[in-house]
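K.L.:
The primary structure of each chain is shown beneath.
2 protein chains.
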Amino acid sequence: MSITASPVTGSTTREAIAASARAMFAERGYTATSVRAIAAAAGVDPALVIRHFVSKEQLFVAVMGWTENPGPELDGPLETLGRTLVAHVLDPARDAERRAYATMVQASDNDAVRASLRDAARVHFIDRLTARLPGADVAVRAELIAAQLGGLMQGWPTIAETLADDADRARVVDLYGASIQALVDAG
Amino acid sequence: MSITASPVTGSTTREAIAASARAMFAERGYTATSVRAIAAAAGVDPALVIRHFVSKEQLFVAVMGWTENPGPELDGPLETLGRTLVAHVLDPARDAERRAYATMVQASDNDAVRASLRDAARVHFIDRLTARLPGADVAVRAELIAAQLGGLMQGWPTIAETLADDADRARVVDLYGASIQALVDAG
DNA sequence: GACGCTTGTCAACAGCGTTGACACGCGTGG
DNA sequence: CCACGCGTGTCAACGCTGTTGACAAGCGTC
Numbered sequence: 314m315s316i317t318a319s320p321v322t323g324s325t326t327r328e329a330i331a332a333s334a335r336a337m338f339a340e341r342g343y344t345a346t347s348v349r350a351i352a353a354a355a356g357v358d359p360a361l362v363i364r365h366f367v368s369k370e371q372l373f374v375a376v377m378g379w380t381e382n383p384g385p386e387l388d389g390p391l392e393t394l395g396r397t398l399v400a401h402v403l404d405p406a407r408d409a410e411r412r413a414y415a416t417m418v419q420a421s422d423n424d425a426v427r428a429s430l431r432d433a434a435r436v437h438f439i440d441r442l443t444a445r446l447p448g449a450d451v452a453v454r455a456e457l458i459a460a461q462l463g464g465l466m467q468g469w470p471t472i473a474e475t476l477a478d479d480a481d482r483a484r485v486v487d488l489y490g491a492s493i494q495a496l497v498d499a500g
Numbered sequence: 314m315s316i317t318a319s320p321v322t323g324s325t326t327r328e329a330i331a332a333s334a335r336a337m338f339a340e341r342g343y344t345a346t347s348v349r350a351i352a353a354a355a356g357v358d359p360a361l362v363i364r365h366f367v368s369k370e371q372l373f374v375a376v377m378g379w380t381e382n383p384g385p386e387l388d389g390p391l392e393t394l395g396r397t398l399v400a401h402v403l404d405p406a407r408d409a410e411r412r413a414y415a416t417m418v419q420a421s422d423n424d425a426v427r428a429s430l431r432d433a434a435r436v437h438f439i440d441r442l443t444a445r446l447p448g449a450d451v452a453v454r455a456e457l458i459a460a461q462l463g464g465l466m467q468g469w470p471t472i473a474e475t476l477a478d479d480a481d482r483a484r485v486v487d488l489y490g491a492s493i494q495a496l497v498d499a500g
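Sequence lines, in order, name chains S and Y. Residue numbers are given in the working numbering: position 98 of the first sequence equals residue 411, and the series is strictly consecutive. Residue numbers are given in the working numbering: position 175 of the second sequence equals residue 488, and the series is strictly consecutive.
Just so you know, not all the hints are guaranteed correct.
All copies of an identical chain are treated as equivalent in the list; a pair is satisfied when it fits inside any one copy or across any two copies.
Capping the alpha-carbon separation at 20 Å, the derived lysine to any residue pairs in SDA-like fashion look like this [to be verified]:
1. 369 - 480
2. 369 - 482
3. 369 - 486
4. 369 - 345
5. 369 - 451
6. 369 - 471
7. 369 - 344
Keep in mind that the hints were calculated from the coordinates and are not lab data.
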């Protein structure tokens, strides 16, 4: 009997490397995480990391890239879409995803990372939202909504500092949600 | 006779270093710009760069940090503030500043850079906007508006790609301006 | 004239991402 | 059965990075 039914492709060590990489990138960011540190955490030679994934940057996009499930929040009723999206993004359970996004934006210093980030945003969010929006200029409006949500994810740690309690968080959902809703309804 | 009447503090070489650094950081980003390259462009020893500014990261914040003038756009009439802010941010003449902001956000991988960015945003924008907003929750609303503008600056290069002409750009100013205006009026 | 301070030079450090040459184990074709 | 090739892993080294310490030169001050 085989201990691990290996997935489509992938040795155990490859997954070990991916796991340490994911953890360290998320915690310390791209530049502060060294290939050697990832290798050490996975109990592996640094060269092996490069052999499996081709470069540090490709390892990063492979490991941080948009794992997200279909994202049902895009399918809610149009009249409350703004609010729904903001609530989704600020959901405390989604802390890790927000941090991953911020990490990717920061690493978008790097061309390959930036391209991957943009593609993922398009495929998983902007294109689908474009299809749902009513009225005119749907592509532009979808892009603008994405920019607003990006700004919120990026700025959230700072914003959260100025909030006193959960009521304030709810207030943010109302305010920002209404603002985005203006773009949903603008067609 | 002295060729250069030196400002408050600063040798000529220090300014030469700052100038090359500013240019190279703006063009290639933080990580892709090496201290040695800055030194070479300024015709100077790499060690001298570190001697003048204490580290690469301090050189970066010294040189990229918010040079902006008072910013009269914050003093316009409240009823059209959203539109004014967006038009200001998207002004083609402000291309360099937008890129500088994006570069700083990307470099905010680095703790010192992130702190400097946040402080600058507070002092130059958020605090002043807070003072101008009417109604309730002014601090939070100012922070949210800052997040929206940040998202716009960050996403603009991508958004611009999907625009056909200047009329589309004007449409963006209308749409995004109205969305921000919703936050201005939400008090 | 000796002191100290700034300004600049040079070689070296440890760490980085990445590469090339080499060793092992294992399934397959001659 | 054995040789081959291939995936996996190891090791030392490359050129680059930011930063440091020891040292020299110029210059105003006591």
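K.L.:
Each hint: holds or not?
P.N.:
Results for each hint:
no. : hint      : in the structure
1   : 369 - 480 : neither (42 Å within a copy, 42 Å between copies)
2   : 369 - 482 : neither (37 Å within a copy, 37 Å between copies)
3   : 369 - 486 : neither (37 Å within a copy, 39 Å between copies)
4   : 369 - 345 : both (12 Å within a copy, 15 Å between copies)
5   : 369 - 451 : neither (37 Å within a copy, 43 Å between copies)
6   : 369 - 471 : neither (29 Å within a copy, 25 Å between copies)
7   : 369 - 344 : both (10 Å within a copy, 14 Å between copies)
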